Every structure is written in structure tokens, then in C-alpha cells.
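Student: Respectively, the protein sequence lines represent chains A and B. Position 211 of the first sequence, counted from 1, bears residue number 211 in the working numbering, the numbering being contiguous throughout. Going from the second sequence to the working numbering is simple: count from 1 and add 1000.
The set of hints was computed from the structure by calculation and includes no laboratory data. Please note that the accuracy of each hint is not assured.
[As the list claims (entries may be wrong)] Lysine-lysine pairs mimicking PhoX-like chemistry, simulated, CA-CA at most 25 Å apart:
{"#": "1", "chain 1": "B", "residue 1": "Lys-1081", "chain 2": "A", "residue 2": "Lys-124"}
{"#": "2", "chain 1": "B", "residue 1": "Lys-1126", "chain 2": "B", "residue 2": "Lys-1064"}
{"#": "3", "chain 1": "B", "residue 1": "Lys-1082", "chain 2": "B", "residue 2": "Lys-1325"}
{"#": "4", "chain 1": "B", "residue 1": "Lys-1234", "chain 2": "B", "residue 2": "Lys-1248"}
{"#": "5", "chain 1": "B", "residue 1": "Lys-1059", "chain 2": "B", "residue 2": "Lys-1234"}
{"#": "6", "chain 1": "B", "residue 1": "Lys-1225", "chain 2": "B", "residue 2": "Lys-1082"}
{"#": "7", "chain 1": "B", "residue 1": "Lys-1235", "chain 2": "B", "residue 2": "Lys-1081"}
{"#": "8", "chain 1": "A", "residue 1": "Lys-119", "chain 2": "B", "residue 2": "Lys-1234"}
{"#": "9", "chain 1": "B", "residue 1": "Lys-1005", "chain 2": "A", "residue 2": "Lys-124"}
{"#": "10", "chain 1": "B", "residue 1": "Lys-1059", "chain 2": "B", "residue 2": "Lys-1225"}
{"#": "11", "chain 1": "B", "residue 1": "Lys-1064", "chain 2": "B", "residue 2": "Lys-1248"}
{"#": "12", "chain 1": "A", "residue 1": "Lys-119", "chain 2": "B", "residue 2": "Lys-1235"}
{"#": "13", "chain 1": "B", "residue 1": "Lys-1005", "chain 2": "B", "residue 2": "Lys-1325"}
{"#": "14", "chain 1": "B", "residue 1": "Lys-1325", "chain 2": "B", "residue 2": "Lys-1059"}
{"#": "15", "chain 1": "A", "residue 1": "Lys-16", "chain 2": "B", "residue 2": "Lys-1414"}
[Said to hold, decoys possible] Listed next, the stretches of chain B that the computed footprint assigns to chain A, with coverage defined by at least 3 CB atoms under 8 Å from CB atoms of chain A:
{"#": "16", "region": "1129-1135"}
{"#": "17", "region": "1296-1309"}
{"#": "18", "region": "1412-1421"}
[Unchecked claim] Label-pair ranges, simulated between beta-carbon atoms:
{"#": "19", "chain 1": "A", "residue 1": "Arg-14", "chain 2": "B", "residue 2": "Val-1410", "range": "23 to 29 Å"}
{"#": "20", "chain 1": "B", "residue 1": "Val-1350", "chain 2": "A", "residue 2": "Glu-19", "range": "39 to 45 Å"}
{"#": "21", "chain 1": "B", "residue 1": "Arg-1306", "chain 2": "A", "residue 2": "Glu-123", "range": "34 to 40 Å"}
Keep in mind it's a predicted model, so treat the numbers as computed, not measured. The beta carbon of each residue, even a glycine, is placed where N, CA and C say it ideally should be.
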Amino acid sequence: MAIITLKDVNKVYRTKEIETLALENVNLEIGKGEFVSIMGPSGCGKSTLLNIIGLLDVPTSGVVDLMNEPTERMSDSRLSEFRNRNIGFVFQSFHLIPSLNVADNVALPLAYRNGISAKERHEKVEAVLTRLGLSHRMRHFPGQLSGGQCQRVAIARAIIGDPQIVLADEPTGNLDSKMGQEVMEILHQLNKEDGRTIVMVTHNESQARMTDRIIRFFDGRQVE
Amino acid sequence: MNYFKQIYYEMKHQKMMTWVSISGTALAIFLVMSFIVADQINTVEVAPETNRSRILLGKGIHIKMDSQDGSTMGWNSDFIKKIYEGLEGVELISYIRDGNSNNTLSVPGQEGMTFLPKRIDANFWKMYDFKFIDGRPFNQGEVDSNAKVIVLTRSAARKLFGEENVTGRTVEVNMVDYQVVGVVDDVHPLMNGTFAHFYVPFHGADYDRNDDPFCGGTNVRLLLKEGTDIASVKKEVEQRYQRLNGEKAKEGIEFIYHDQPYTSQEEGMSFGSNNSPNMKTHNTVQWVVYAILILLPAINLSSMTRGRLRHRVAEIGVRRAFGAKRRSIVWQLFGENFIITIIGGVIGLVLSAAFIMLASHLFFKYYGGLEASSLDLIYARPSFEMMFSWINFFICLGFCLVLNILSATVPAWKASRVEPAIALSGR
């Protein structure tokens, strides 16, 4: 059963002088529990696709359905709620908030969710950080962590709200091979043990081959 | 999210921007609050003047006779009753002599010293909140019988007798013996209605002018009942004057009442004896000045807030990605900015109070002091409780809110409108 469906999706970036076609007629179905890699050269539209799937950007035309729910008519407020409940993001440059400590960074999605007490929030943070081997770093700030640790914190933040979909944009791009391997193992664990659907943009062929499916892009078009 | 924790770390991260913002806020609040605190001294309710908002002053009478202008002076002790007795909404009337003219006091075996008197009736003690440290106030019977009784302030008692418990002792006032019936705590010189070094009964008839049925030496203070509309009391006084003017028109007499009786704010304003306080102009000018003093820094602070946010575009993108709604972003930025504004505001308030203390000669003056010879000009420093009243605190808070809204609205709104994908890319 498809959890992510894109039909005839186009994305055009317009400026006064120029029109750039970032995505052209993309049709895609990703099943529940699948681990999918998206590959292609720089500028081919991989990140744009991920942003559209993550409801961070809207397509110029076409339809995006997530969890069988059409998203094109969702208000900005509803989109925020949907992201909060169902989608977790892992970014290449981690995007941790430097002025918040590890615990507060991880708890960020819960801060925008109603009905969670401070105690419950703390318990969830502790649980997810323990799972990722970072419970001893709760009070540290991002600036005090290594790249691998930062990315593990970012993964903890992505999954603390228990989303069904995790979108990872080159999650190992800023890490050395050992740390990159660690991060990949965690993502596979989230996929296999938790049954989360993972869509990962990567340039790394060997990492991509370890996923269920590879979707290749070139100049905004899906070529494989 | 814990705003306080976040703002603390943000302040640490962007030290320069933070201190410029706090300094800008402090300067704006300092400028505005210097004016306001100085103005509030006239209305702040501090003992013994804890009922200032309910007390009105009948300062004097201004008469034109056959179109020839006279000057404003006190009333004849009988005539004043026609104007002020029986007014709707008045709880107490106190007839007093409001002028400043030092008297010489002495005790046997010592040289005389000059002190500032207040001549009052018994209602005066009920109208104000004096703290008696010895003895009692004099009563109306003693006032009516022109009894030679006196209430001293603590400092005057010490100066004259070397101690405070002097009830029953005798002191000479302008060569006449008076018996001390009580000693009150000192009154701050900026408490216009009550400040004096000693209090003696006021016998209005003694100050009436033989050939003048209207003028004399009597002034009046009115304590209004709780909830009484000051405008309605003024209106009733105006109607009484109009009626009198109608009666006296044939004799070529015109009474000009100059919007009396005055509130403590009007009383504190500087205006000539034959002029009326123009509160409307005064208030308009004040608010225009406040608006300029707030608006100019607000524009600068707004630019600084935008500058601060430019460093946080990606953070806003992350928050939006993880579910922050636009209004959450706006509230967060308002909240953070408000904390900075409050820190600046408190610094500004303290600076304004310090400035007023150090530069009190620019703001406050009064005549007569214990150490001074007759009618020397004295500069008074307001007390701590006069400057740090709750009213001033809430006014300061109000201005901080206004400054926050003016400086954060545009940056916060713009930040919340950035698309998450664009914000995440740091653009």
C-alpha cells in the first residue's frame, strides 16, 4: 500500500529573467515501510522532490498524497500539523538549533504538539536518546558534539514524534565513512524495527544499494 | 519551549546585537520614564497624601471689577462657603491657609529658628494619612476657639527640644505661646498638600480683609467620596460661579474660577496665578513627546531585530519543518523580543530614577527648609517610594510592550512568512 503518491508533479522556479524546471512530470509511489534512495547529479531536483514530499514546498502542478490524504488543499496550519505528526526530517547539515541543548533540540517537535506534559516530554527525550546512545549528552550543546553525534541527535529529533515517514537529505554527506556507516545502520534499524518509511537522498551508490529501491533523477526527470 | 532559557542562550550567541538592542531599549525607556516619573511626583500616592486622586484644591479667587483685572488670592472665610459647601460627592472639606511664609519658633533659653507652617482645620487630619509618633491632632473645638495648640514634625521637635516626645511642652510661635499636642512623622517637601514643619489651627476670619466681602486668606481642599466624578464636581462649582456672576453683573463684578478646584496634577503644573492650567494642551504635548521618544528608537530596534533574525532563518525553517505554525513563530519572536525589551526597560527605569535623583534641581524645588533661612530655595530629591510606584512600573511595562510591538511586529511577521524550504536553505 502506497504511503507516498506523487502524480504528474512539476516544479518550476521563476524569476524575472529565467524559468527553471526543477521537476518534470514526476509520478511516484512509495509503499509503507519501504526504504527508498533517490540518486542523481547535483541540481537534478532530488532535494526539491524531498521538500515537496515533506510538505516544505508546494509543486507548481500535480498531486501529492501522503498516507492517502491529498495535501494540495491543506491550509498552512494543517500542513504544519501534518508534518508534526507524520514526517521526520534529517538534514545533511544537521540543522540543530545552536542555542538549545541536545534535550531541547530533540524535544522540538513535541513543543508544537498539544497534550504532552513536560514529564512525558522528558521521558520520551530520555528514551530516544538512550536508544541512540546519547543519553549522557542531554545537557550538551550542538557545538560540543562531533558530526556523528550531531546527526544522531538530528535523527532522535526526527523520530521523537513517532512519524511514519522519515525524509533524509544526504544524511551522511557531512560525515566521515565510519560515522556515515553508523548513521546508515541507525536508519536501517528505524526501517526494519519500527517499520518507518524512509526516503533518502544520497550520492553514495553503495549506501543506496543497501536500500529497498533506488529512484534515479536527471535534469528534473525520473529516469529509473 | 522555554523562552527564558532560549533567550539566554541567544543573548550569549549574539552578544553584540543583544547589548545594542538592550542599550537602545534602555535609552528609549530612560528618556520617556524621566518625563513620566518627574510628572508622576505630582500625583503619586505616598503617605500622608494617600488620597491624592480624590483630593481637589480650591486655590484662590480671581475677580475683575469694572473690567479691571485683579490678582488671584484666597477667599473670604464666609464667601468661600458659598462656592464649596454642600457640593455633591464631597466627603470632607478642609479650610486652610495654603501660603508659604516662614515663622520663628523658639523655646525658653534658645535662639529662635525659622520653620514653615501650615494653618489647617481639624478635617485636614482626617483627609490625610499623618503618622503621629506622639500625642494627637488638634480637634475642631480647639480650632473654633482659636486655641494656641501646635503639632510639630519629628525634625522640628528634635531641632527645638532635642527629642521627639514633647507633647505638653510649650513653644513660642512669633512670640505667642503654643502648647504642643502632637508630633507627626516628617512630610516629604514634594508633598505639596501637606508639607510643613509645624501645623497650627486655622482661623479663617483672622485673614479676612475688612473691606472685602470676597477675598481673604482662606483656601480649601475637598476630599471626594470614592467613585465621584471629578468633572461633575468642577461643573457644579462652575455653575455656582455662573450664578454668582449673574447676580453681580450689575455691580460690574466678574468671578473667574480658572477651572478650579484643581486636581493634584493640575496643582503641580506651573502656570501663573491668573491663568488656567491647560490640561488638554499639556497632555497632547506630553503624548506627542512620548510618541517621538518611543517611535524613533523603535524603528532602529526593528532593524536590529531583523538583523538578529537574519542569523536565525535556518532555525525558523527547522521549526516550521517540525510543525511550528506561523503564529507560533510570531509569538516566539515576540516573546523573545519582549524579554530583551523588559531587561532594557528595567535598566531604563532605574537610569531615569537615578537621573532624576542626580538632576533633581532641574525638576523639583520648594521654599523653606529646616537648615535654611527664610524662603531660601531648596532642591528636593524625591524619595524611593515616590519614584518606584506601581503606577510607574506599569507605565514602564506598557511602554516596553508598545516598543516591543513596534520593533518586533514587522520582523516577526516577515520571518513567519518565509517558506520552510527557503528558510532551510538559509536564503
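Student: Quick one, are Lys-119(A) and Lys-1234(B) close enough, alpha carbons at most 25 Å?
Tutor: At roughly 61 Å apart (the allowed maximum being 25 Å), Lys-1234(B) and Lys-119(A) break the hint.
Student: Checking C-beta pairs, does the region 1296-1309 of chain B have three or more residues closer than 8 Å to chain A?
Tutor: violated (count 0)
Student: Verify the proposed pairing of Lys-1234(B) with Lys-1248(B), using a straight-line Cα cut of 25 Å.
Tutor: holds (21 Å)
Student: Is the Cα-Cα distance between Lys-1325(B) and Lys-1059(B) 25 Å or less?
Tutor: violated (61 Å)
Student: State, for the Cβ atoms of Arg-1306(B) and Glu-123(A), whether the hinted interval 34 to 40 Å holds or is violated.
Tutor: Distance hint for Arg-1306(B), Glu-123(A) holds at roughly 39 Å.
Student: Assess, step by step, whether the Cα of Lys-1235(B) is no farther than 25 Å from the Cα of Lys-1081(B), and give holds or violated.
Tutor: The hint holds at about 17 Å.
Student: Holds or violated: are the alpha carbons of Lys-1005(B) and Lys-1325(B) at most 25 Å from each other?
Tutor: Roughly 21 Å separates the two Cα atoms, so the pair holds.
Student: Between Lys-1064(B) and Lys-1248(B), does the CA-CA distance stay at or below 25 Å?
Tutor: It holds: about 11 Å lies between the C-alpha atoms, which stays within 25 Å.
Student: Is 39 to 45 Å right for how far apart the beta carbons of Val-1350(B) and Glu-19(A) are?
Tutor: violated (58 Å)
Student: Next pair to validate is Lys-1082(B) with Lys-1325(B); report whether the Cα-Cα distance is within 25 Å.
Tutor: Outside the cut-off at roughly 68 Å; violated.
Student: If you count the residues of the region 1412-1421 of chain B with a beta-carbon closer than 8 Å to a beta-carbon of chain A, do you get 3 or more?
Tutor: holds (count 3)
Student: Verify this for me: three or more residues of the region 1129-1135 of chain B with a beta carbon less than 8 Å from a beta carbon of chain A.
Tutor: violated (count 0)
The earlier numbered hints that this structure contradicts are 1, 2, 3, 8, 12, 14, 16, 17, 20.
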